[in-house]
Amino acid sequence: MDLLEIRQVTKVFGGLTALNEVSFHVKSGNIHGLIGPNGAGKSTMFKNISGFSTPTSGDIFFNGHSIKGRKPSEIAHLGVARTFQETTLFQELTVLENALVGAHKRAKTNIFSAIFNLDRHIQQECMEKTLSMLDFMGLAERKNQLASELPLGSQRALAITIALASEPVVLLMDEPFAGMNPEETRHMMGLTEKVRQSGVTIVLVEHDMKAVMGICDYLTVLNFGSLLAEGTPDAIRHDAKVIRAYLGNTEAM
Amino acid sequence: MPKKYTNCAGLAGLLAALVIVPHFLKYHHQDFLIFLTINVLVVSSYRLVTLTGEWSLIHAVMMGVGAYASTLLTKSAGLSFWISLPLAGCVAGAVAAILCFPLFRMTQFYFLIGSFAAGEAIRLCWIHFIQPFGGTGGISGIPFPELGNIDFLEPVPYFYLVLVIVTLCLVLLYRIEKSRIGLTLRAVHWKAPLAESVGVDTWKYRSLAFIIGSAFVGIAGSLKVHYLGTVTPNQYGIGFMVFILIWVIVGGYATFYGAIIGVVVLSILDESFRGFEELRPAIYGLILIASILFLPSGLESVPERIRGWVSNRAAARNGPGIQG
Ligand SMILES: Nc1ncnc2c1ncn2[C@@H]1O[C@H](COP(=O)(O)OP(=O)(O)OP(=O)(O)O)[C@@H](O)[C@H]1O
Ligand SMILES: [Mg+2]
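Which chain is which? The protein sequence lines are U and F, in order.
So in the working numbering, spot 168 of the first sequence is number 168, and the numbers just go up one at a time.
So in the working numbering, spot 74 of the second sequence is number 74, and the numbers just go up one at a time.
Just so you know, these hints were derived from the structure itself, not from any lab.
Don't take every hint at face value.
Here are the simulated DSS-like pairs of lysine-lysine, each with C-alpha atoms no more than 25 Å apart in a straight line [claimed, not checked]:
1. K3(F) with K143(U)
2. K178(F) with K105(U)
3. K71(U) with K204(F)
Far from chain U, by Cβ distances over 12 Å, these chain F residues were calculated [claimed, not checked]:
4. Y27
5. H28
6. V171
7. V198
8. F273
Just so you know, these numbers come straight off a predicted model, no measurement behind them.
All residues carry an ideal CB built from backbone N, CA and C; glycine is no exception.
Here chain U stands alone, though its shape is the one from the complex:
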């Protein structure tokens, strides 16, 4: 089933067309790679899907309903979570607090429940879930540290934890492996695979071709804002257009 459908999406910034009538589908349960050279429009596509930016034209469907023009928080409530390209955390909060904020959808409360502790069951349950998620992501030991004190690898893991804590249907990950050494990358790939097995559909933007080819079921390639090719990793690896676009980077493939 198509969980996410991008239909003829165009995004223009002043004179620059960052996305030019791009269409593609994301199947439920897949790890779907969105790749392309720098400036191809990958992050812009994520911003449009998650509501941080609105397409100039075209439409975006999630579960068959248009989500174009909705607020990011509404789209998050529907089940689309994202991570950001620049590692984005609540720097001044602890690791545990970061993850708890991620669980907002499940545990949000009103002022009276907050004052009189009326929903302590929900909060308790949320706390337990969050703790086990921190455990899953290998962050349990650091739960009382400030997010700003974490090493880079753990910061990345925490960013993903926050998104996962919102119990998404689709997770958009923008370059989760950037700046990691091969071992950390392997570890994160394993985690990503586990997340998919837990039933979350993943759209992955990544420059590390080895990782992308190893983990994705299907790939969409963008170049200068236009759709260049799509297909399985094997098909993309041998696609002449893609090889040309990545010229100089072919070794990586």
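Go by the hints and put chain F with the ligands onto chain U.
Same frame as chain U, but now just chain F with the ligands:
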């Protein structure tokens, strides 16, 4: 949890002291204590607003909204003080709710200026519409609370009234801050887009903090006006707002009690400079500059600093053998 118990014991002790102390004070010091206690509520409610990272300049005016509301409800509508007090909070909260629509389209610097402009607009209404607000002269002859045969004209009973209500409000504010709502407000402060991406409606939470903070300061306004007996537009202008900002900045805003320490310490200092009227603004200014230079994280950081200083001294005395 021994720390929790010592904290509770400390607070109970403080409350007991506050119950006894006014009997040993002169009349004008009793007055001072009443206004100080009300100002504690002013800074604590302001803290809730600033948790989202937006520093408004309208908090003093919101206190005035509560003050005027309570005045009109008792004097013109003939309601009792006990009903007007919570209603004053509701009115201030409602005015804040309306202001959210224009104000929270802005952030940071623009929000600061926008909130100032909105506050001045409200003050102009008080000045301009002599009916019912009484113009620049304001309104006087505001009734005192009545309860049995307690004489609330006397400072000590009124202080007890203020103490009870302010304590109650502080408990509520503290519980909000420590709840999930407080956490979400801080999250909105540190990274609004990330909070949005997990479903937090940042507009709603900014508004919520502003509305609740305004409601509590509206209650503070009501408490003040029924003791003072008069209300004028100038009591709640930018001058008072500057004091609120100084108290919060000098006290520190990392913890719940920082702003409270700020208002208590600065007010006592200020009171002890009574008699040097011309110098008082200059002294305040010097204290602000000195505290920004020497205590950038506020008075609240002093215990931590002393602890660090003491342990450094101990380490130094034990000699270099221990280090490294
Ligand atoms: N807010 C904006 N205003 C103007 N131009 C923008 C804006 N955001 C992105 N662009 C431009 O749109 C193009 C696509 O940017 P985008 O960030 O989507 O690329 P990307 O594929 O994510 O690249 P990278 O791999 O480097 O992250 C770039 O040329 C960029 O300069
Ligand atoms: Mg990008």
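Here is what the structure says about each hint:
1. K3(F) with K143(U): holds, 21 Å
2. K178(F) with K105(U): holds, 19 Å
3. K71(U) with K204(F): OK: K71(U) and K204(F) at ~12 Å, within 25 Å.
4. Y27: holds, 37 Å
5. H28: Nearest chain U Cβ is 36 Å from H28(F), so the label holds.
6. V171: violated, 9 Å
7. V198: At about 4 Å from chain U, V198(F) fails to clear the 12 Å cut-off, so the statement is violated.
8. F273: holds, 36 Å
Going through the hint list in order, the structure does not satisfy hints 6 and 7.
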